Amino acid sequence: MLLQYSEAEYMVCVAARILEDRKSVFVGTGMPLLAACLAQKLYTPNLVIVFEAGGIAPILPRIPISVGESTTFYGAIMATSMDYVMSLAQAGYVDYGFLGAAQIDPYGNINTTVIGDWERPKVRLPGSGGANDVGSLCWKNIVLMRQDKRRFVPKLDFLTTPGYLCGNREEAGLPAGTGPYRVITQIGVYEFDENTKRMKLAALHEGYKVEDVEANTSFDILIPDEIEYTEPPTDEELEVLKEFDPDGILLGKKNKK
Amino acid sequence: MLLQYSEAEYMVCVAARILEDRKSVFVGTGMPLLAACLAQKLYTPNLVIVFEAGGIAPILPRIPISVGESTTFYGAIMATSMDYVMSLAQAGYVDYGFLGAAQIDPYGNINTTVIGDWERPKVRLPGSGGANDVGSLCWKNIVLMRQDKRRFVPKLDFLTTPGYLCGNREEAGLPAGTGPYRVITQIGVYEFDENTKRMKLAALHEGYKVEDVEANTSFDILIPDEIEYTEPPTDEELEVLKEFDPDGILLGKKNKK
Amino acid sequence: MKPLELLDGGEGPLVGWCDPDDFRDWVKNNKSRDMVDKTMSAEEAVSKFIKDGMYIASGGFGHVRVSMNIIYEIVKQDIKGLTMAGKTSVHDLDVLIAAGSVEKVEAGYSFGHELRGLSPASRRKVENGEVKVLTEWSNAALQWRFKAAAMGLPFLPARILMGTDTFKKSSAKIIKDPFTGKPLTLIPACFPDVAIIHVHRADIYGNAQIDGILVEDFELARAAKRVIITAEEIIPTDKIRDEPWRTVIPYFLVDAVVEQPYGSHPCNMPLLYYFDEEHIAEYLALTKTEEGTKEYFKKYVYGVNDFWEYLDLVGGIEKLEKLKKIEQVREKPVYPWG
Amino acid sequence: MKPLELLDGGEGPLVGWCDPDDFRDWVKNNKSRDMVDKTMSAEEAVSKFIKDGMYIASGGFGHVRVSMNIIYEIVKQDIKGLTMAGKTSVHDLDVLIAAGSVEKVEAGYSFGHELRGLSPASRRKVENGEVKVLTEWSNAALQWRFKAAAMGLPFLPARILMGTDTFKKSSAKIIKDPFTGKPLTLIPACFPDVAIIHVHRADIYGNAQIDGILVEDFELARAAKRVIITAEEIIPTDKIRDEPWRTVIPYFLVDAVVEQPYGSHPCNMPLLYYFDEEHIAEYLALTKTEEGTKEYFKKYVYGVNDFWEYLDLVGGIEKLEKLKKIEQVREKPVYPWG
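Protein chains in written order, with our numbering: chain A, 1 to 257; chain B, 1001 to 1257; chain C, 2001 to 2338; chain D, 3001 to 3338.
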């Protein structure tokens, strides 16, 4: 089933279709940026791309590999500062955020800090970066990550970035009405139950079954009675992705992990 | 005694001589700006003039009449914002501040808000403007004002801007080591007693006596045993002032009050 | 946990403030991220966005870079009961008080015309109780109120106001700072209903550039629920995108764009034209009495069809060219009030 | 008075913080307002201002606009025991960790090279305990720490970190906000001992301009006790005064000015030259082992007399012109790590 497209390409295409037009999105490089660019090209021409280092709504001449490089403000409507864009997000101006993660828990909390013990980690990861900010301040967050039993865990090694915490996100002081919106993995798309705030299968990618979800999750995941399926990448989508990332720099990398 | 120079000119010249070289000063228009310009020309060539609306170290082509007009950033080293210069002051970068006042009390607290009752004032004045900020944040403040019994009062109608409060300036939370430094009137120069923080005569202007101080002050003012005298404006100073304000716009106005 | 101490609270009403969560909801539901043409006339901008009883704030500083075409339009449309931020608001505020549009003020620097003296109209109305001063602030306090709002925060800390009556008549609070153990002032955010900002140039979507000092407009544009931009000129969006670091106000903050050359007259527009001191002197002289005030508005606001006619009336192109020469230091200013 | 509630406190050490009154004293006594020539060599700047055990912060973002000539000079002078702000500090931090200069980190985004993968050297040293992570933060938290410092404040409030282990390992606090009644994070100020900032141009006094995004350098330059500016070029002060609105860092914040064209290599300098991905790949490959790391420093730091020799070694003018073409979108980038 992965002849014509990679898992990463499938994930990017699904992410691109979730975004709404005339909304703003905080993107990091890699899959999120490709999803935003694909969406802008095919589905949401008026999507406003915001970079945490200060670039707002650029006309990207090529895909940046750092969220701070000059292509992020090439032909932009504003080249400003991290304080400015983070303040915009804090004031409610940023609709969507994209996050990656090494681990996720049933409430959509994520870990990008350490695997193992914080004091003496097995793997030291980069830490929050902008993730805690994006996860705290954007209206809706989309997590893009690989799914397996070590990554979909009941308890994170480190809670870097808030999802719904233990269902008490708002009481903790985080902005009202915000939180994780979708989780997209190589297997399917997940949403969060309105009442319990726990993760729930929203749709499976083509070729996957409910058993694949359960075999790759270490916690009880809500499964709806009726299963929906995502559409695989279209030729048009794949062509646009090829245009943006001809050498597979951004997606190739992700595949190797 | 006011043949060759006005009271305002005398005050400006005395103020100019108090400033130190290689220091920064927050100025308003009128007498403070003239004093700073005079000092820069004759005594403190490296004085850094800062305007509250955002101009820093301009090369003034003429005397601005507003602290926000473009001459305040003409040839400046930076044209920035009120937040920037107020933050600089809060972080300790502004050495001197100049203030005017309708009333002053023995601790150097000043009123520029109302004469009479605040709810239904006899005279409504402009309010703090930048005065509370300058009075709170600069290292040393110099007050320039006319002296009489209605202006030098034991209790202000309204405490707009902090001097030494009741001697408890630092305990109130204001930055350590700051406060009023000198008060310059048409009669003389005042400083503040190190222990009591109450106003004390530092020097009389030429032609004035201690009795003039007492006759124009409604509180007990400390008088030293030995009286010092300021020098009247020199011809050189008066010439420079004439150059800056040929039509007496800035000083003429003050005289009429 | 150690209890934190709330040491003091100003007795003034908390005006213009809202819970940042409510502002976020406003932004979500009312501030479009879409790039659409927002150009309109001053008449349309005012009738669409400024309603009786709103809280307004004007950009610039004192008599510098003020959107006078909108100010006059507010007078013309006879908007009433406005509250205004007196953030070194001088001519704009005084005109709106004289006309009876502004009835409440949060005072920073107000009711005065800097070196030109106190405002006859504002003084009269404040002293006779027609205009109510709600609160007292300093200039830094007011701009930090906007900055708090711009950052989506309920307050910003500051080391000002402590120990004064200005604090007492404000709505700030003083806490014992949990880091230093010292008293610290908390300045509440201020989210005006409408901000009116005059700029050097903008595109049709509202991406705006300002030359020279920004005063507090960088923050105010984000603090306000609605933003009316008036611009000396409309420029193509390509020019904005050529130098994106020059954008001070991005389009998604902006609700209306009004093109009006000389729109700041009789106030100064940095690098373009100086204060029209003759006109300001005429205004100050006439507003000494209620009759004179009526005469002023009859002549300069009600008596003209639009701002172009107003510009002709105040001296036309010859006067404007003279103000340009003064601004560019090619001619000496005149100070009829000196 | 109602008691305020302190709800929670991070368990991390309060690093880089001082009472704003102490910072004011530092500014009063150590930051001259005098315009004096501050140009010097990188060697002089480092030996004069960077001492063992200091807290340093580097400007730019990730591999963008980084003062690599100062970073290499720190390695060369064998400065030890540094603490560094991991404010999306990537190549700079990794090089200093690899060289053994940085021993403690306040982590925001660190130990990774964005799309290029994790840092072999940093991971090795953090995982084996040679380098200690003192605290965890987010990018916004760290830059607001600098902003608080820049504003002369003990903290800034923010609506981030709540509920997470990132908060637990920080030195932030959570209070019940007296305005909203909701929990609010207080981010403590951070006053680094030295900030190292690479800019497009500066005059000999330190008045500096940056093209494009500022990231957090507008704040960092004010937060630090000492500021070393490295500039692609020194320009006359007249040019600064011609466009004072382009000044991002005024001279009185600056302690040293070092002129070094291509000073950000192998990192990107916006509008001037792109990442040297070949060099970064070589670095990442070599630093997989301690031996390789030594080889890298022997070749590129100890083996050259100055940054000019280094530039020759990495490919000289031909390479630099190629990086310029890529940056200016006239040539395709190469990604040897892809």
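Because the hints were derived from the structure by calculation, they are not lab data.
Some hints here could point you the wrong way.
What the hints assert, rightly or not - Listed below are the simulated EDC-like cross-link pairs for lysine to aspartate or glutamate, each with C-alpha atoms no more than 16 Å apart in a straight line:
1) D/LYS3168 x A/ASP117
2) D/LYS3132 x A/ASP117
3) D/LYS3176 x C/GLU2005
4) C/LYS2104 x B/GLU1206
5) D/LYS3176 x A/ASP117
These numbers were taken from a predicted model, which means no experiment stands behind them.
Here is what the structure says about each hint:
{"no.": "1", "hint": "D/LYS3168 x A/ASP117", "in the structure": "14 Å, holds"}
{"no.": "2", "hint": "D/LYS3132 x A/ASP117", "in the structure": "13 Å, holds"}
{"no.": "3", "hint": "D/LYS3176 x C/GLU2005", "in the structure": "11 Å, holds"}
{"no.": "4", "hint": "C/LYS2104 x B/GLU1206", "in the structure": "47 Å, violated"}
{"no.": "5", "hint": "D/LYS3176 x A/ASP117", "in the structure": "31 Å, violated"}
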